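Enquirer: Sequence:
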Amino acid sequence: MQVLRNLRVGKSVRAVAIAASMSALVFLSAPAAFGAGFDEGWRAYQRGDFATAMREWVALAEAGNARAQFNLGVMYDEGRGVEESRDKAIIWWQKAAGNGHKQALHNLGLAHLFGRGVAKDYDKAVGFFKRASGLGLARSQYNLGKMYAVGFGVDQDDTEAFKWIMMAANSGVHQAQYNIGKMYRDGQGVSSDPKEAAKWFLAAAKQGYAKAQNHIGVRLARGEGIRRNQVEALKWLILAEKGGHHLAAQNRRDLALKLTIEQRAQAKQKAAGFKPQ
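Position in the sequence shown (first residue = 1) + 147 = the working numbering.
Derived by calculation from the structure, the hints in this document are not laboratory data. Bear in mind the structure is a predicted one, so any value in this text is a computation, not a measurement. A portion of the hints provided could be inaccurate.
Cross-link-like lysine to aspartate or glutamate pairs, in silico, EDC-like; alpha carbons within 20 Å at most [said to hold, decoys possible]:
id	residue 1	residue 2
1	Lys405	Glu371
2	Lys405	Glu379
3	Lys389	Glu371
When you get a sec, could you build the whole thing from the sequences and use the hints?
Expert: Now the structure itself:
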C-alpha cells in the first residue's frame, strides 16, 4: 500500500488562536406579553427600516425584555440605524445578561476576550463564557474549551479543554468537531485514537468546514483511522481547496498525480454534488 507522506495537515489545538468574531444578530421568539412589538420590530428590521425596529425594541428593552435588549446591543455594535457605539452595545448586553440572556453573556465574553468596548480581561471573559455554557450555549462551550487549551484566564488544562469542546462538538459546532478530531489525533486531553479523530474530522467536513475537509482528505488518502479511499480523499481535497484552505491545493495536486483519469473524474463529480449537511 502506497503511503502518501507528503500530504500536509494543520497545527495542534493549543497552537491555534481562539476564533470568535462578535456574534451575528440573533432573533428569538418574544414572550407573549411583548410579542406584537417585538415582531413589528423584526419585520421593520427585515425591510431595512432600522428606525422603526429601534423604536419598537427600545420600548420593550426599557420594560426589561432581554431579547430586545440583546438586539439593541447588536444594532449598536454593527451601527444599524444608529451611530456605531460599542459602549452602548455593552450596556444593552449587560442588561440582557442580567436577565439571563445566554447570547448576551457570550458576546460579553468575546468583548472582554478581545477588548472590544471594554478593557481586555481574560478572567472576566472566562466568567461570561462559563455562565453562557451553563445555560447550554454551544459556542460558549467551545470558546471556554479553547481558553482551557491555551490557558487564557484559567490554568491550562487539556482535560477540561476536551470536556468543553466535546460538549460543543456534540451540539454540532463544526469548529469544535474539527478540534476534537485534532485532540484525538494528538492525544491532547484524551488518549490518542486515529479512528475517533477521523470520525470527527469527517463530521466537520460534512458541514463544509475546509480545514476538516483537508484533514479527512489526507486521512482517506493514507488510510489513517479510516478505510483508504483515494477517490473520496480527492473529493474532500477538491472541496477544501475550493473553501480556501492553504494546504489543500498542494495536497490535491500531489494526490491527483497518483490517480487515473477515471478516478480524478469520479472525485470531481462527487465534489460537484456535495451539499453541506
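Enquirer: Now look at each hint and say whether the structure bears it out.
Expert: Against the structure, the hints come out as follows:
For the hint pairing Lys405 with Glu371, the CA-to-CA distance comes to about 18 Å; that is within 20 Å, so the pair holds. At roughly 14 Å between alpha-carbon atoms, Lys405 and Glu379 fall within 20 Å of each other, so this suggested pair holds. At roughly 23 Å between alpha-carbon atoms, Lys389 and Glu371 are farther apart than 20 Å, so this suggested pair is violated.
Checked against the numbered hints listed earlier, the structure breaks hint 3 alone; every other hint is satisfied.
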